[in-house]
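K.L.:
Hey, can you work out the whole structure from these sequences and the hints?
Number of protein chains: 2
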Amino acid sequence: MGWCLCKCRPLSTFSSLLYSSKPSLPFPSTFLPSSSIKSSFFSCSISSSSALATGTFTWEDVFRVSQSAEEEEENNSSYLHGYFHKVQLCNRGSGKQSEFLPFVIEGQTVGFIHAGFVENFKSFNDVFVYIKDNSNGGSVGEFFSLHPMLKTAEERTSAVAYVIKCLGEKHIPGIRNELYPVVSSFGSPVLFSLERAAAPYFGIKAYGIHMNGYVEIDGQKHLWVGKRSNTKQTYPGMLDHLVAGGLPHGINCKENVAKECEEEAGIPRSISIRAKPVSAVSYMDIDGYRYKRDVLFCYDLKLPENFIPKNEDGEVESFKLIPIRQVAEVIRKTQFYKPNCALVVIDFLFRHGYITPENFGYLDLLRSLRIGECS
Amino acid sequence: MGWCLCKCRPLSTFSSLLYSSKPSLPFPSTFLPSSSIKSSFFSCSISSSSALATGTFTWEDVFRVSQSAEEEEENNSSYLHGYFHKVQLCNRGSGKQSEFLPFVIEGQTVGFIHAGFVENFKSFNDVFVYIKDNSNGGSVGEFFSLHPMLKTAEERTSAVAYVIKCLGEKHIPGIRNELYPVVSSFGSPVLFSLERAAAPYFGIKAYGIHMNGYVEIDGQKHLWVGKRSNTKQTYPGMLDHLVAGGLPHGINCKENVAKECEEEAGIPRSISIRAKPVSAVSYMDIDGYRYKRDVLFCYDLKLPENFIPKNEDGEVESFKLIPIRQVAEVIRKTQFYKPNCALVVIDFLFRHGYITPENFGYLDLLRSLRIGECS
Chain W
1 MGWCLCKCRP LSTFSSLLYS SKPSLPFPST FLPSSSIKSS FFSCSISSSS
51 ALATGTFTWE DVFRVSQSAE EEEENNSSYL HGYFHKVQLC NRGSGKQSEF
101 LPFVIEGQTV GFIHAGFVEN FKSFNDVFVY IKDNSNGGSV GEFFSLHPML
151 KTAEERTSAV AYVIKCLGEK HIPGIRNELY PVVSSFGSPV LFSLERAAAP
201 YFGIKAYGIH MNGYVEIDGQ KHLWVGKRSN TKQTYPGMLD HLVAGGLPHG
251 INCKENVAKE CEEEAGIPRS ISIRAKPVSA VSYMDIDGYR YKRDVLFCYD
301 LKLPENFIPK NEDGEVESFK LIPIRQVAEV IRKTQFYKPN CALVVIDFLF
351 RHGYITPENF GYLDLLRSLR IGECS
Chain H
1 MGWCLCKCRP LSTFSSLLYS SKPSLPFPST FLPSSSIKSS FFSCSISSSS
51 ALATGTFTWE DVFRVSQSAE EEEENNSSYL HGYFHKVQLC NRGSGKQSEF
101 LPFVIEGQTV GFIHAGFVEN FKSFNDVFVY IKDNSNGGSV GEFFSLHPML
151 KTAEERTSAV AYVIKCLGEK HIPGIRNELY PVVSSFGSPV LFSLERAAAP
201 YFGIKAYGIH MNGYVEIDGQ KHLWVGKRSN TKQTYPGMLD HLVAGGLPHG
251 INCKENVAKE CEEEAGIPRS ISIRAKPVSA VSYMDIDGYR YKRDVLFCYD
301 LKLPENFIPK NEDGEVESFK LIPIRQVAEV IRKTQFYKPN CALVVIDFLF
351 RHGYITPENF GYLDLLRSLR IGECS
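Line by line, the protein sequences are chains W and H. Position one of the first sequence corresponds to residue 1 (this note's numbering), numbered consecutively onward. Position one of the second sequence corresponds to residue 1 (this note's numbering), numbered consecutively onward.
Treat the hints as calculated values from the structure; they're not laboratory data. Here a beta-carbon is modelled for each residue, glycine too, at the ideal position from N, C-alpha and C. The reader is advised that the hints may include incorrect statements.
[To be verified] Chain W residues, not near chain H, derived (Cβ > 10 angstroms throughout):
1) R92
2) T109
3) N120
4) F124
5) E154
6) E155
7) N252
8) E262
9) E312
[Unchecked claim] List of simulated lysine-lysine pairs, DSS-like, C-alpha gap at most 27 angstroms:
10) K302/W to K276/H
11) K302/W to K302/H
12) K122/W to K165/W
13) K221/W to K254/H
[Said to hold, decoys possible] Computed spacing ranges between beta-carbons, pair by pair:
14) P323/H to S77/W: 26 to 32 angstroms
15) G219/W to P323/H: 20 to 26 angstroms
16) G288/W to S270/H: 52 to 58 angstroms
17) S135/H to K132/W: 34 to 40 angstroms
18) I251/H to S77/W: 30 to 36 angstroms
19) G116/H to S98/W: 37 to 43 angstroms
20) G95/H to E373/W: 43 to 49 angstroms
21) S94/H to G141/W: 24 to 30 angstroms
P.N.:
Okay, structure coming up:
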């Protein structure tokens with residue numbers, strides 16, 4: 001479960017939000033119903049909050065919230081607000097786009113780099129070049145590019161890798177020695193490859209696969225939910241999908257799903273072959289110098305009732321099978337889920353009819369699942 | 001099956017396209033894969049084309065195309081082009097948006113009216129008013145509105161109805177005496193109601209429900225396909241959903257689905273209650289003075305194997321149950337489907353895993369299903 005490029009945000013940060021009185025609105029209100037935002041989860045009462053306040057929660061906390069007796073009218077105009085808030089958590093800082101300069105290769109914008117971060121490039125003017133282009137009818141375009149001497153993908157990859165190595169953990173924490181392809185859009189030629197941890201500093205689009213593993217018991221859908229290991233660097237202890245992963249260079253989505261199914265949940269290929277691509281979500285999240293532009297391919301896998309997942313890579317503490325309506329309540333009322341996983345579960349809720357046009361804000365929420373450039 | 005506000009385009013118009021060598025590209029190429037557009041359906045060989053050329057086709061033609069032996073690599077870069085072309089058919093004339101003026105009520109843009117069509121309003125200046133607003137920092141905004149004396153929804157509805165009656169069939173053909181709500185976004189207050197046939201002349205958003213009725217036989221999905229009556233005013237003889245309808249004033253989607261299920265396919269409420277809202281598609285189509293801005297709520301209904309639909313309103317000639325992969329081929333290779341239904345079937349193909357990230361252009365096609373303002 002390595003699909004997270006974000007700086008580690010310990011759960012305590014989220015827990016504090018649980019008790020905040022008003023969420024911020026980091027993206028234009030057009031994505032939201034016009035009425036004032038007052039997320040339903042703020043009224044959620046959790047009797048034993050001490051565990052949450054310290055940045056950890058247990059499965060017991062999850063079940064208590066999910067089975068909360070609190071009844072809420074589904075056609076209440078605020079019913080979807082808990083979901084909107086999860087979308088917001090993945091789409092922060094849209095007002096700060098002007099702080100970034102386009103990163104252009106072969107005439108295609110592949111990323112965005114913060115004006116502050118480019119200061120690091122001063123000693124590397126044989127790799128990164130600043131271009132001020134006023135050829136376009138008098139209007140001036142400013143952008144960053146790679147030195148024109150770097151003509152092939154291989155040359156660019158090694159030149160950029162050298163810069164990243166020099167900048168080191170101080171400027172690009174969490175280096176993984178794993179390469180992501182840099183493309184202008186999914187499926188187009190790879191212009192070069194970039195260290196995964198550096199992707200948000202260059203604002204390149206990163207692709208991943210997220211899989212909802214579910215079981216149908218007596219006609220009721222249940223979702224397999226993972227709880228991340230408390231020792232994970234990113235989002236420790238939080239709820240996650242059964243299977244999810246970034247899409248590294250040189251492997252396609254289908255193959256990656258099969259591989260991650262084996263590694264993360266012990267799902268043999270004879271079963272994972274039935275995983276279906278069903279949708280995609282996207283978000284854009286600005287946090288300091290980091291501009292995450294992620295596109296997640298969503299998969300559904302209907303599992304046999306008797307299947308028990310088994311994590312093979314030590315990144316998951318445990319899995320639980322939870323009725324989908326209870327999962328929905330956990331997402332609406334808490335921030336237990338890793339934010340981008342919440343988005344993919346919301347997409348599942350749409351596709352399986354658990355969010356309906358009678359819920360006020362239906363189309364706004366549906367649209368908000370692809371706020372980021374989904375290409 | 002009345003969800004069509006378009007001018008009647010007889011099938012012969014489409015048939016001629018079947019043999020055209022190059023489709024037009026009515027919307028920006030960003031919606032399409034960057035490679036040149038050469039839709040796969042142009043290479044489709046139909047031995048007996050005389051029936052098609054006269055504007056009619058038979059179920060036999062449908063099955064011949066659907067079972068075409070022609071094998072095509074799914075990872076061929078042109079595999080999705082037949083689908084892209086169907087999206088284009090619903091999204092014509094985007095370059096002509098500047099010919100329209102916003103139609104603004106209570107400060108909210110609810111529609112767009114062609115500069116030529118507003119000529120008709122000259123004798124009705126107690127109903128329609130032209131406003132040139134230069135209060136916005138010197139930039140001038142031009143728009144149409146209703147006379148400020150028309151304060152309530154009722155007053156507006158009857159004043160506009162009077163104008164439409166005066167303009168008559170000459171200017172607004174196909175008047176149905178059915179009212180559509182005028183809103184700025186779905187679920188927001190109804191500002192007034194408008195004759196359904198007039199909706200595209202005012203560019204108001206029109207909402208509808210489209211339902212994919214399917215059956216699973218030996219693990220393979222089959223879609224119930226309707227063939228419209230040859231006497232229908234719009235899209236006679238073309239392929240259609242099992243159930244579809246516009247959303248008139250005063251009825252919600254769920255109730256409308258149940259009502260249309262009964263009327264159009266004889267599906268009792270005991271079964272139609274299982275219909276699930278799963279998605280929404282939207283398009284914007286400019287054709288002369290008409291600006292269609294439709295949002296369709298998509299539903300899936302899994303039907304029992306032994307269920308046989310029965311049309312009760314005479315608008316459907318017959319229904320056939322067709323394996324979904326064959327339906328997909330019909331959509332890719334022909335224009336037999338009513339264009340907006342093709343969009344909803346493509347959405348079904350995405351959600352059920354029949355279009356995959358390995359198909360070049362996956363994200364572009366997915367995004368193109370909501371080109372219109374989906375709100």
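K.L.:
Are all C-beta atoms of chain H more than 10 angstroms from that of N120/W?
P.N.:
32 angstroms, holds
K.L.:
Checking the smallest CB distance to chain H, is T109/W really beyond 10 angstroms?
P.N.:
Check passes; 12 angstroms lies beyond 10 angstroms.
K.L.:
Could you check that no beta carbon of chain H comes within 10 angstroms of the beta carbon of N252/W?
P.N.:
6 angstroms, violated
K.L.:
With 34 to 40 angstroms as the target window, see if S135/H and K132/W comply at their CB atoms.
P.N.:
36 angstroms, holds
K.L.:
Taking the shortest Cβ-to-Cβ distance between E312/W and chain H, state whether it exceeds 10 angstroms.
P.N.:
24 angstroms, holds
K.L.:
CA of K122/W to CA of K165/W, is that 27 angstroms or under?
P.N.:
15 angstroms, holds
K.L.:
At 10 angstroms, judged by beta carbons, does F124/W keep clear of chain H as stated?
P.N.:
Given that every Cβ of chain H is farther than 10 angstroms from that of F124/W, nearest at about 31 angstroms, it holds.
K.L.:
Is K302/W close enough to K302/H, meaning Cα to Cα at most 27 angstroms?
P.N.:
It holds: about 16 angstroms lies between the C-alpha atoms, which stays within 27 angstroms.
K.L.:
Determine whether the non-interface label on E155/W survives the test: each CB of chain H must be over 10 angstroms from its CB.
P.N.:
24 angstroms, holds
K.L.:
Between the beta carbons of G288/W and S270/H, is the distance compatible with 52 to 58 angstroms?
P.N.:
At 56 angstroms between Cβs, range holds.
K.L.:
Should the hint that G95/H and E373/W are 43 to 49 angstroms apart at their CB atoms be regarded as holding?
P.N.:
23 angstroms, violated
K.L.:
With 26 to 32 angstroms as the target window, see if P323/H and S77/W comply at their CB atoms.
P.N.:
42 angstroms, violated
Hints 7, 14, 18 and 20 from the earlier list are contradicted by this structure; the remaining hints agree with it.
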